[in-house]
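Engineer: Sequence:
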Amino acid sequence: MASEWRAFLAEAVRRGLIDEKAYASAATWFESIERGGQSVDPARALVRRGLLTVEEARAIGTALPGARPPPDGPRGETTAGLATRTLSCLDTQTPVSSVVPGLAPVDLPGTREESGPVSTGKYELQRRLGQGGMGDVWLAVDRDLRREVAVKTIRDAVAREDLERFVFEAQVTGQLEHPNIVPVYELGLSAEDRQPYLVLKRVRGKGLDAVLDSIRRGEPSGVGRIDEVRDSPQKMLARVLDVFTAICQALAYAHDRGVIHRDLKPANVMVGEFGEVQIMDWGLAKVLGREEAGRVPATDHDLRAERPDRTAAGSIMGTPVYMPPEQARGQVHRLDERSDVYSLGAVLYEMVALARPFEMAGDLIQILEDVSRGRFKAPAARSQAPWEIPAEIEAVVLKAMARRPENRYASAALLRADIEAYRDGRTLGAVEYSPWQVLAKWVRRHRTA
42 MASEWRAFLA EAVRRGLIDE KAYASAATWF ESIERGGQSV DPARALVRRG
92 LLTVEEARAI GTALPGARPP PDGPRGETTA GLATRTLSCL DTQTPVSSVV
142 PGLAPVDLPG TREESGPVST GKYELQRRLG QGGMGDVWLA VDRDLRREVA
192 VKTIRDAVAR EDLERFVFEA QVTGQLEHPN IVPVYELGLS AEDRQPYLVL
242 KRVRGKGLDA VLDSIRRGEP SGVGRIDEVR DSPQKMLARV LDVFTAICQA
292 LAYAHDRGVI HRDLKPANVM VGEFGEVQIM DWGLAKVLGR EEAGRVPATD
342 HDLRAERPDR TAAGSIMGTP VYMPPEQARG QVHRLDERSD VYSLGAVLYE
392 MVALARPFEM AGDLIQILED VSRGRFKAPA ARSQAPWEIP AEIEAVVLKA
442 MARRPENRYA SAALLRADIE AYRDGRTLGA VEYSPWQVLA KWVRRHRTA
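Count along the sequence shown from 1, then add 41; that gives the number in my numbering.
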């Protein structure tokens, strides 16, 4: 009930734990959840957003009759203890091959104390590469193999389901072996503080979002294959489409294994100097047909500054400007491969128009409303690109971003096939051609030198 969470927020303000701005932002978020017909757990939400510690939330709950305590396991248990129990017994009765069909089972590293990144010195942390809602990503050096790696850590005072999600991300990503998906090297517990960590390949390059920003500003993108044709905008577009087809390949592979990403966006795609592409951050991934316990956690959303290009959580999970309408409505049960196809379409929109499909000026609630109703302009109408957007490519974007899942491409593979058909001069499934247009395409493809 609204009265319960409002009382919880008011008590947090009275104690000086959050300010009025955080109160207003949280209230707006909670109201949107209730409008969707779901209940609000303020203690859980504020702890997971990092606005309150577990102890602070518990103190408020004690002061308010009927308030639910934050979900951190048994009262008084530390996150380190919870991490030990989670990693040592989570899903140990169920092989991971049943989580991701067709994949070999792996043992969880619940007893691998000797591999902690700090206590043994195996991994020497160099600098922070990124920061999210649950933890941090560090550049580190594996002293045994003398190579750079990325180490993902989780912060203290997180809920059990956050730990489960952390382990689940490692299991899923570690078993999706594809050239365009970041490899996982190790999952373990630090011997020093018993906190879980994840070791991944150190991906060199730039986020696709940064690459697109550079192109938009007329600067070198840092991707050699794109920069070498900067004098020819249409050739640049062709190289950009090469990056997109690699993204489609990775998603098609994951979908074939029964996994959907649910948070695909340019910031989660790394592009190397020579055009190598890797999809990152599978923290919101879902194995189709497998029930999830509780709401899915956020990765980097902050209630203090509602930004529609950042990852949200709760019943509304993902990144608003790239999420499909069914995801914006919190209809988690409806998400499938076509939901990722929509996100692919939104990413393609930005790649060809150098503009996002939805205006960033509105607040989060307005963005979600626009997404759920499919209110956006065609790419050509918002383009900031130096190239002309071909009508066929625009048709691909619009089909992928159809409001109803049944009107989208049925798979990432079919979306990729249409992009390749465009490059080869063949007809596309997203376009209705007249007989004369079909004939003209055939003639152009078979014209002799």
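Please keep in mind that the hints were generated in silico from the structure rather than gathered at the bench. From the three backbone atoms N, C-alpha and C, an ideal C-beta is built for every residue, glycine too. Warning: the hint list may mix true and false statements.
Ranges of calculated distance between the beta carbons of each label pair, as one might list FRET restraints [as the list claims (entries may be wrong)]:
id, residue 1, residue 2, range
1, GLU72, SER475, 48 to 54 Å
2, VAL472, ALA51, 52 to 58 Å
3, SER475, ASP272, 33 to 39 Å
Pairs of lysine to any residue residues, derived as SDA-like cross-links and limited to a Cα-Cα distance of at most 20 Å, are as follows [to be verified]:
id, residue 1, residue 2
4, LYS247, GLU227
5, LYS440, PRO427
6, LYS247, SER231
7, LYS242, GLU165
Engineer: Hints first: check each against the structure and report whether it holds.
Structural biologist: Consistency of the hints with the structure:
Look at GLU72 against SER475: about 51 Å separates their beta carbons, and that is inside 48 to 54 Å. Distance hint for VAL472 and ALA51: a CB-CB separation of about 56 Å, consistent with the stated range 52 to 58 Å. In this structure the supplied range 33 to 39 Å holds for SER475 paired with ASP272, their Cβ-Cβ distance being about 35 Å. At roughly 24 Å between alpha-carbon atoms, LYS247 and GLU227 are farther apart than 20 Å, so this suggested pair is violated.
Proximity of LYS440 to PRO427 is assessed by CA-CA distance (about 24 Å); at most 20 Å being required, the pair is judged violated. Note on LYS247 and SER231: the hinted pairing is violated, with a Cα-Cα distance of about 29 Å set against a maximum of 20 Å. Of the supplied pair hints, the one linking LYS242 and GLU165 holds, its CA atoms being roughly 15 Å apart against a limit of 20 Å.
Comparing the model with each numbered hint stated earlier shows that hints 4, 5, 6 do not hold.
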